[in-house]
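Colleague: Can you make the complete structure from the sequences, with help from the hints?
4 protein chains.
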Amino acid sequence: MKKVVVITSGGDAPGMNAALYGIVKKATEENIEVYGAKCGYIGIIEENFVPLTIENTFPYLRQGGTILETIRFPAFQEKEVQRTAVEIMEKHDFDALIVIGGDGSYKGAAKLSQFYFPVIAIPATIDNDIFGTENSLGFSTAVSNATAVIDKLSTTAASHGHIFVVEVMGRHSGNIAKKVGKAVGADMTIIPEKEFTTEEVIESLDLSKKQDKKYSMIVTAEGAISCLELTKNIERNSKYKVHPLILGHIQRGGDPACEDRILGIEFGEVAIKLLKKKKYGIALRVYGGKIDALPLSEYL
Amino acid sequence: MKKVVVITSGGDAPGMNAALYGIVKKATEENIEVYGAKCGYIGIIEENFVPLTIENTFPYLRQGGTILETIRFPAFQEKEVQRTAVEIMEKHDFDALIVIGGDGSYKGAAKLSQFYFPVIAIPATIDNDIFGTENSLGFSTAVSNATAVIDKLSTTAASHGHIFVVEVMGRHSGNIAKKVGKAVGADMTIIPEKEFTTEEVIESLDLSKKQDKKYSMIVTAEGAISCLELTKNIERNSKYKVHPLILGHIQRGGDPACEDRILGIEFGEVAIKLLKKKKYGIALRVYGGKIDALPLSEYL
Amino acid sequence: MKKVVVITSGGDAPGMNAALYGIVKKATEENIEVYGAKCGYIGIIEENFVPLTIENTFPYLRQGGTILETIRFPAFQEKEVQRTAVEIMEKHDFDALIVIGGDGSYKGAAKLSQFYFPVIAIPATIDNDIFGTENSLGFSTAVSNATAVIDKLSTTAASHGHIFVVEVMGRHSGNIAKKVGKAVGADMTIIPEKEFTTEEVIESLDLSKKQDKKYSMIVTAEGAISCLELTKNIERNSKYKVHPLILGHIQRGGDPACEDRILGIEFGEVAIKLLKKKKYGIALRVYGGKIDALPLSEYL
Amino acid sequence: MKKVVVITSGGDAPGMNAALYGIVKKATEENIEVYGAKCGYIGIIEENFVPLTIENTFPYLRQGGTILETIRFPAFQEKEVQRTAVEIMEKHDFDALIVIGGDGSYKGAAKLSQFYFPVIAIPATIDNDIFGTENSLGFSTAVSNATAVIDKLSTTAASHGHIFVVEVMGRHSGNIAKKVGKAVGADMTIIPEKEFTTEEVIESLDLSKKQDKKYSMIVTAEGAISCLELTKNIERNSKYKVHPLILGHIQRGGDPACEDRILGIEFGEVAIKLLKKKKYGIALRVYGGKIDALPLSEYL
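Protein chains in written order, with UniProt numbering: chain R, 1 to 300; chain W, 1 to 300; chain B, 1 to 300; chain V, 1 to 300.
Source of the hints: derived by calculation from the structure; they are not laboratory data.
Just so you know, not all the hints are guaranteed correct.
Copies of the same chain are indistinguishable here, so a pair counts whether it falls within one copy or spans any two.
What the hints assert, rightly or not - Derived lysine to aspartate or glutamate pairs resembling EDC-like cross-links, with alpha carbons at most 16 Å apart: (1) K290 with E134; (2) K241 with D95; (3) K91 with E29; (4) K213 with E69; (5) K2 with E266; (6) K210 with E29; (7) K232 with D103; (8) K3 with E30; (9) K209 with E55; (10) K107 with E55; (11) K91 with E30; (12) K210 with E55; (13) K178 with E266; (14) K213 with E55; (15) K214 with E69; (16) K214 with E55; (17) K273 with E193; (18) K178 with E222; (19) K277 with E200.
The model shown is predicted, which means the values in this text are computed figures rather than measured ones.
Modeller: Next comes the structure, spelled out in structure tokens:
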């Protein structure tokens, strides 16, 4: 193991830069050279490689986004393109590829692995919806961002006795909503995984009033029901006046929370350690609170 | 001057609680008792008075919203209701009223002043659109909140080369937009006070690309053009793909920025000092960077 | 289970108020009344009980410190005082006691449990040094606070090429230091559990220079070596000029990080669930990333 | 005016990078090229110039420290060295120099101006102690940083009824201390400009107890009395137990507060506007809340 290439792929997630630093730090100790391909898989095809060093990754350790940038590249689903990617990596003497990304990126990583090219994947998606892992880069930050914004609403809400319905990210998963709803003491949290009725929502608002909570807060994942539709439903079926708010891109952005920095660095270090031991064709994950790995074939 | 009553009125603004603390602090030194009427002018009519002390205001000095709460009370525009308010304040031996609020609240304060009741107004509105003052409570916080949120977008935007159009508060005033646009290095800032064309916006995006800014950011005040309309206009007239975001209530909420805490306490202290000197029928303001006062009659 | 009493004991830890809210929330659902004894164990002896409700705990959910306050009470180590505490709790018809605190508080809880009084303990200490648990309330916040402060130093450090030695809390444990050192990319992290030499520290600084890191950062736990002594040792044995900084109380204070809020509420909910099932004489903990419990007798 | 050179000099101050962006932004509009000399005046002597562009300044607009870095350079007080600097700037066809810094840097700027070389100075020092200006880059950030840290102490302090004595920066000036003391509701603020006695401090603590403030907070500027000495004096002359804390480098560091970003950009834009109008030999300042200028000869 002399030379590895890394990509960040799919949506950017806070903690990606920390992972890059963790990879480079451990690799430097092990005398492994690290290169980054710019903009995800497309950077491999375009042979757009840049050297990654302590000097050029350390300053970004605590910065959100990804210094390697990322662009969608649908053509990568074609077998021929994948084969080309492997050939290019071999041409450049890369001994392994580390892919930092979410669901889609994992699939690509699994495909490349089928060409017997050494690949390790690091989970990074704010939705935390990758199969098999308890945590992924960006999730803690998204929860923390959303919570911080709702906290800001709360002082206003308490001053006026307002009811807020806040929509957080999560098309198929209630992971962010559940954590955020817990953290802000939401009266009800609505997730795609569980049915609900408008009556239940209104009952939770009734209870909130009865308990003298000063303001009420419903958290909904975008995949369950939109903020605006829920607002309409509540206002039609009760006397309540509701203030809707869609958090949107605010959740994904910003500098990584402390957990995502630590997790990112640790993922990076473990990736290099495993490559050094000739362990690949795997996806890192958190399980039982600790980092271990699953075979990439699980993600085909 | 033995006993004064305070209200917070209109929309809540971060720094209102700091002003309450400033009033109580100075009043305590001057042996003046302070009461708050709950929920704005309506609290006077309903004789809903609570004593304000160092003990019950100090802990909220750095908290947003208003511990006195605030409710809209349109009936207060009637002369009879105003007269009743004055009679109730006299019945309770209040020697003066301090009103903390925005435009509408100032008008009410000016009306009460016409009954020869001593009134002082303190400017508090995140829009900073009260005539005559350079600054009002909540404005610094709103600018700082909006800037912080846009900063969060920026890391994501830079990773993907995105264009964001962000809508900030300001129905009639571009004050927030101008400061925020400056602070985030916006490519263009659109305000109600100045006409603009879609072509100009697109040119600013062209320039941004040319200057290799990695991402582009347009800030618009809600009163100039809505985020969604502007997005549509840009996408129809150019090849650009735009991400719209409405900041909404996030701007108004949250704990006061340092400036609003300091300004709130200072407004409160000055209000008591002036009352002590039998100066009233006035509205405090910031002028030339310092606190002075205008006659309330300016706001009739 | 009709009526329980709660104390927060020992040093305050961010997340204690969230735990109070979690307890009250779940207890309200289960028709269990909750009281707080003020200032820790002493509040039981002094029969200083206050009712805890959604109304008076919800607003503090996201606030640091403890609304129940806490005072050191060494007399509680005497068996007679413990017996009195149990008698008082029985006199007031309390069916169980929930203790939120650290090492010392756990010992007290275990003692009371020996009188066959139902007790559940919730781990809360920023040092995260309670036997058997992976996490305790306040730890995430302390790590996050320390990291945020060191981040602030970093921009200055990078502008001047400075070397900082930062001392974090941890008399017997390197838990905070290890996480913080990881999060900030420290050149070396010194902990009480592991010996080190001044030469190793200087070598880490040499390496940092060689890697063009722009600034260097050593993190030390107070129990390993003090900031000032380490500074002296480095400056005596090398040409380096070092800037020492002791973080002190800054780490412990402030509002809880998102994780401590969520963990606090979950601990509180689980405590009530277990009491309801007549499970007591136990200490909650995090194990394998999940909440479970150990017998309190482990802490005698 | 075709080509200007900029330095950041003396201690770094948050907002310096924003000023660089403001300069470059305006200069680009005016077709003026901008270069930075690295590390302050020494960068001129060493002819260490780098081009500054929108591309390489925009990403740092919201970052603390200075991307141009800064090193102390005592030799610059010699007339010969100053003359050399002017010759080098002329050799490189620089039409003007913009100096961003504090007291010492202003003196250097004034000296260069005596060689009839066009110079404009921009005030940047967290102490805000430059003659003639109401505000300087870094001051708002320092106040905000110190306030935020003391806020963190406050929750702990309130939980235990503690007394804190906090030492803020300010060797000759109480500017930071006054603002911070106001913002945190300090019981007393001690500054170098005003004598005080230990008795007064103790009386303020007595009053704090009497007013049921839950905790007490004294703020002292380092130039008035050190934290530790004051602690000793209080504890010797009263029954109070005091917790001292020195804020140190935390105040100076970190990303600029919104005000310093805005002020930095505005200073930068104004500097270019004035150079364009052939106004130089001046120092920008804030006066009456607005930016204007004083002759540099005031700082000789």
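Colleague: Evaluate each hint against the coordinates.
Modeller: Quick rundown of the hints versus the structure:
Taking the shortest alpha-carbon separations for K290 and E134, both the intra-copy value of 9 Å and the inter-copy value of 11 Å come in at or below 16 Å. Taking the shortest Cα distances, K241 and D95 never come within 16 Å of each other, neither inside one copy (60 Å) nor across copies (38 Å). In this homomeric assembly, K91 and E29 never come within 16 Å of each other (Cα to Cα): the closest approach is 25 Å inside a single copy and 46 Å across copies. In this assembly of identical chains, K213 and E69 lie within 16 Å of each other by CA distance solely across copies; the values are 14 Å between and 44 Å within a copy.
Neither within a single protomer nor between protomers do K2 and E266 lie at most 16 Å apart by alpha-carbon distance, with minima of 20 Å and 46 Å respectively. With identical chains, the CA atoms of K210 and E29 are at most 16 Å apart between copies only, with a shortest distance of 13 Å across copies and 61 Å within one. In this assembly of identical chains, the alpha carbons of K232 and D103 never lie at most 16 Å apart, being 33 Å within a copy and 31 Å across copies at closest. With identical chains, the CA atoms of K3 and E30 are at most 16 Å apart within one copy only, with a shortest distance of 11 Å there and 47 Å across copies.
With identical chains, the CA atoms of K209 and E55 are at most 16 Å apart between copies only, with a shortest distance of 10 Å across copies and 56 Å within one. In this assembly of identical chains, the alpha carbons of K107 and E55 never lie at most 16 Å apart, being 32 Å within a copy and 35 Å across copies at closest. Proximity of K91 to E30 under the C-alpha cut-off of 16 Å is found in neither arrangement, the shortest distances being 23 Å within a copy and 48 Å between copies. In the homo-oligomer, the alpha carbons of K210 and E55 lie at most 16 Å apart only across protomers (10 Å), although the nearest pairing inside one protomer, at 58 Å, exceeds that limit.
Proximity of K178 to E266 under the C-alpha cut-off of 16 Å is restricted to the inter-copy arrangement: shortest distance 12 Å between copies versus 26 Å within a copy. In this assembly of identical chains, K213 and E55 lie within 16 Å of each other by CA distance solely across copies; the values are 5 Å between and 51 Å within a copy. For the identical chains of this complex, K214 and E69 are inter-copy neighbours only, at 10 Å across copies versus 44 Å inside a copy, given an alpha-carbon limit of 16 Å. Proximity of K214 and E55 under a CA criterion of 16 Å is satisfied inter-copy only: 8 Å between copies versus 51 Å inside one chain copy.
For the identical chains of this complex, K273 and E193 are neighbours neither inside a copy (37 Å) nor across copies (24 Å), given an alpha-carbon limit of 16 Å. Only within a single protomer do K178 and E222 lie at most 16 Å apart by alpha-carbon distance; the minimum there is 12 Å, versus 32 Å between protomers. For a Cα distance limit of 16 Å, the shortest separation of K277 from E200 qualifies neither inside one copy, at 54 Å, nor across copies, at 27 Å.
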